[in-house]
Amino acid sequence: MSTAGDASSVLFELLHSSLISYVCSSEDNKSKSVSQLEAHGFRVGQSLAEQLTKDTPRFKDDLEIMKFICRDFWNAVYQKQVDNLRTNHQGVYVLQDNNFKLFTHISAGKQYIEFAPQVD
Amino acid sequence: MSKQPGRGLESRKLVGELFTLTYGALVSQLIKDYDNDDEINKQLDKMGYNIGIRLVEDFMARSNVDKCQDFRETAEVLSKMAFKMYLNISPTIANWSPANDEFSFILDNNPLVEFVELPDDHPDLNYSNILCGAIRGALEMLQLEVETWFSKDVLKGDNITELRVKYIKRLTDALPAGED
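Taken in sequence, the protein lines are chains A and B.
According to our numbering, the first sequence holds residues 20 to 139 in order.
According to our numbering, the second sequence holds residues 41 to 220 in order.
Rather than coming from a laboratory, the hints here were simulated on the basis of the structure.
Do not rely on the hints blindly, as some may be mistaken.
[What the hints assert, rightly or not] Examples of chain A residues lying across from chain B (beta carbon under 7 Å, computed):
#	residue
1	26
2	29
3	39
4	44
5	45
6	48
7	52
8	63
9	85
No experiment lies behind these values; they were computed from the predicted model shown.
Built from N, CA and C at the ideal position, the CB exists for glycine as well.
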């Protein structure tokens, strides 16, 4: 059905990349631009999650919430599910997407590494 | 595994919503960065242009259309195919100029403005101006220079949203202009 070839997602990807290039070019400080992007994502994600959950019962526990994120939310945003969800059962979850949609058009070299947020 | 949220989700609608919300985020960022509505409009137009010049390739690959014979056909293809394909709307074509070089798209149902109200202190903001840029960019790649602008916008209190397109000239040299 809606794969990476869907016309409306092509448009979304182009819009997304122009948002990123705008934020990165208007802000010299890298960590500031990353947090700007995150703030935008926060708003978008919040609205989408509201839409997606409006007819569902309240989640029982955080594992259910994670399942919602991995399945329904990921599907809505990226048209696929998260490939792997791992947890240490102490509240840390690791989501693994082996073919992250927004990266598929970026070459796999080191060119963009410096733009990625770093874990210190 | 007891409950099944997400049954019957209309994924297409959600992609559209994601698009609308992301566009809103972009505009709100521009409003933060610029004081002047004209400057925001210009930035949106520029981004649209950059999207248009890339999008047209995807469009040609999907649509398989032949060269348009005249400007009227261009208008039809834009409305019935391009708008339909990417935004799932088909704007009405209206208000042709006597010389057949200028027409309007009437956007009855603009997905970009679905959750939008213009703030009072931005009376001149053309919220959907990215569309103008996208059309201009896409047609330029097809060697057609046009001018595009919003002449009416429901967000500004008009009764319709009208996007005007004016034919300027046919470009002969196929050299694309710099992206900037």
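Status of the hints after comparison with the structure:
1. Hint on residue 26 (chain A) holds. Least Cβ distance to chain B is approximately 5 Å, under the 7 Å limit.
2. A hinted interface residue such as residue 29 (chain A) counts as satisfied when its beta carbon comes closer than 7 Å to some beta carbon of chain B; here the least separation is about 5 Å, so the hint holds.
3. For residue 39 (chain A), the interface hint is violated, the least distance from its beta-carbon to any beta-carbon of chain B being 10 Å, above 7 Å.
4. Because the closest C-beta pair between residue 44 (chain A) and chain B is about 11 Å apart, greater than 7 Å, the hint is violated.
5. Below 7 Å, beta-carbon pairs count as interface contacts, and residue 45 (chain A) has one with chain B at about 6 Å; its hint therefore holds.
6. For residue 48 (chain A), the suggested interface contact is broken, since its CB lies about 14 Å from the closest CB of chain B, more than 7 Å.
7. For residue 52 (chain A), the interface hint is violated, the least distance from its beta-carbon to any beta-carbon of chain B being 10 Å, above 7 Å.
8. Interface restraint check for residue 63 (chain A): the shortest CB-CB distance to chain B comes to about 4 Å, inside 7 Å, so the restraint holds.
9. Interface hint at residue 85 (chain A): violated, since its Cβ lies 13 Å from the closest Cβ of chain B, which is beyond the 7 Å cut-off.
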